[in-house]
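Novice: Residue strings, one per chain:
There are 4 protein chains.
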Amino acid sequence: MKKLAIVYHSGYGHTAFAAQKVFEGAATVDGIEAKLVAVGGDHVTPWEELKNADALIFGTPTYMGSVSAPFKGFMDESSKVWMGREWKDKVAAGFTVSGSPSGDKQSTLQALSTFALQHGMVWVGYDRMPEVYTGVAPENARNRLGSFSGLMLQAAQTAPDQSFLPGDLASASDFGQRVATLFAKKIR
Amino acid sequence: MKKLAIVYHSGYGHTAFAAQKVFEGAATVDGIEAKLVAVGGDHVTPWEELKNADALIFGTPTYMGSVSAPFKGFMDESSKVWMGREWKDKVAAGFTVSGSPSGDKQSTLQALSTFALQHGMVWVGYDRMPEVYTGVAPENARNRLGSFSGLMLQAAQTAPDQSFLPGDLASASDFGQRVATLFAKKIR
Amino acid sequence: MKKLAIVYHSGYGHTAFAAQKVFEGAATVDGIEAKLVAVGGDHVTPWEELKNADALIFGTPTYMGSVSAPFKGFMDESSKVWMGREWKDKVAAGFTVSGSPSGDKQSTLQALSTFALQHGMVWVGYDRMPEVYTGVAPENARNRLGSFSGLMLQAAQTAPDQSFLPGDLASASDFGQRVATLFAKKIR
Amino acid sequence: MKKLAIVYHSGYGHTAFAAQKVFEGAATVDGIEAKLVAVGGDHVTPWEELKNADALIFGTPTYMGSVSAPFKGFMDESSKVWMGREWKDKVAAGFTVSGSPSGDKQSTLQALSTFALQHGMVWVGYDRMPEVYTGVAPENARNRLGSFSGLMLQAAQTAPDQSFLPGDLASASDFGQRVATLFAKKIR
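As you go down the protein sequences, you meet chains C, S, G and Y in turn. Read left to right, the first sequence gives residues 3 to 190 (my numbering). Read left to right, the second sequence gives residues 3 to 190 (my numbering). Read left to right, the third sequence gives residues 3 to 190 (my numbering). Read left to right, the fourth sequence gives residues 3 to 190 (my numbering).
Do not take every clue at face value.
If several chains are the same, the list does not tell them apart, and a pair holds so long as it fits within one copy or across any two.
Claimed, not checked - Straight line, CA to CA, 30 Å or less: simulated DSSO-like cross-link-like pairs of lysine-lysine:
| # | residue 1 | residue 2 |
| --- | --- | --- |
| 1 | 53 | 82 |
| 2 | 188 | 5 |
| 3 | 82 | 5 |
| 4 | 37 | 82 |
Think of the hints as simulated: they come from the structure by calculation, not from any bench. Owing to the predicted nature of the structure, the values given are computational and were not obtained by experimental measurement.
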């Protein structure tokens, strides 16, 4: 079994809800043992567990145009891991959540990929062609927002389980499955 | 009168249509003489005119995650202007059009702002709070996509005059007016 | 007098040392009242003072490819200011310090400019042509690293007052002076 | 044998010279058949050959803060390949050359990675810790500039074979070898 950890910070529960969907998608793939790992705030980062994982998917809200401060705290704490090259050649991917369709989320994905590449990781994006192009209704379409560097999700300011369109939730599990599949089949 | 030029490339007419709306918004501002300047393809860039302008708004489609190749041709041609610092301290802003809500358009705006800042220009973004937050229907909302580094517009693959939501067109003229107003009132 | 605040976080004193040089450059400009404001850690952000400033220069180390977590904490805290549009139309600029010549510092400057543009601020970069091009020795050259979106500085892992090349320190005061001058003369 | 193509545009020969070094590094790896492919200008892009390659390393000068216009022409031309998802799951990496140490080269690497991820490719960076940190003299150090998202090289405005420091050339072959090795050993 290959180990995949979804490492996320959630401020108000929306990113946690999305992380759960990414987890569910990844967990459908044979040979993959997926796990959710919350970081930031009172959470103690399980560094040993992350060291033993083969792939890490990073998730964070977009706050003020980049990753949340608690997630940045996790990133900065990883500088010892960086010095030791513990994550070198592992697979990495990322997703982010904010209130607008675009909402400067690409800036967050760039911060995540720059971070992962500093660690010497291999970056996997979201390959799904926006399904709107093939006639699927926007509310049901996967990759509705049109992002390839990673997964972008839009959440309304309502309770997490009511704040996402069905297509965005389907995108989250699709993305988890894509990363896990590529990882299981193509990357040793 | 201060001179403002909207410098754009359009592949299929959608960016030209958006540029016209940006122009119309800028032209409403007292003391501003706005002008449309198409670049790329067979167009000969009027370098002297750009030198005499006080502000430049750059517009391009997003193709394959960045500015269009013809617009990049214009950017590369400007290296002589760059050497001579002809555009130093002028005002700059940018907009881009693509088919998806996000569609990696932020990457294009970063390319435009990096370019303008290489020239020593001052970069003005789009300050409008997404009107969806205040209850305006998405199709009519200004800054619907939620972009602040510059204006993002989404165009369907239909005829240019039918491919934009009313709110996106209102955003374009609003953006032109914002840049021109800031320029006329605040920046000498 | 126009008010300019240099808002920075420093982890080990290098960014504080650079901020002091930026301050000294800005303070030479007639009509400018410059001030240093440290944020992050135990510092209490003087929000009222920042509201009253006309220009803000942001400074942060580059940690793991972006702004430091304490600086990101400041950015996230500013979301109330963002909602109230308190900083709209103010002038903004940024600088960052890390150990390598490039060191993914552009990613940090992008995070700073994206942040400022979310606030509706006007972004001023560093206009100085790299003086290496005109025959100045690298150790004395201003804008040695070749960055235009903002100021990049390289610091060795020694005491802050011994970690910068003379040209990098000259760049810092030159940058402070450039922002203050443009602000005093051109932007009301 | 796995096929790796180094796809580059060179304006004045410096990027071609660097591409040759990347090629030499890749060619040392068992099981890899490396090839140089020039694009832009009068070159006809061998699309069928690129379709048959398993990995593509993109190389371009940084002009005005992003990829060169001829390289962007190649990127835009690839939109048919993008529609057909021909490059999905292939390995991608990138390098860029300019005159300054930083020189806004990260913006170019972001354009290249955004492009590759639009194609559904997997992005591999440069994992080498800057050797300056371990006491190697700057002129001989690999990853001297400190870039992880891809390879950055600095070239003086002299003849290509005299314009690079020995460490930068060593970085180029090291980078080619790293991508090829990761590809041969880890990614099927």
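Novice: When no copy is specified for residue 37 and residue 82, does a C-alpha distance of 30 Å or less occur within a copy, between copies, both, or neither?
Specialist: within (23 Å within a copy, 35 Å between copies)
Novice: Check residue 188 against residue 5 for me: Cα-Cα at most 30 Å, and say if that holds within a copy, between copies, both or neither.
Specialist: Classified as both: same-chain Cα gap 15 Å, cross-chain 16 Å, threshold 30 Å.
Novice: Could you figure out if residue 82 and residue 5 sit no more than 30 Å apart (CA to CA) within one copy, between two copies, both or neither?
Specialist: For residue 82 and residue 5, the Cα distance is within 30 Å only inside one copy (22 Å; across copies 36 Å).
Novice: Is it within, between, both or neither when you check residue 53 against residue 82 at 30 Å Cα-Cα?
Specialist: Cα proximity of residue 53 and residue 82: one copy only (12 Å, versus 38 Å across).
Violation of the numbered hints given earlier is absent; every hint is satisfied by the structure.
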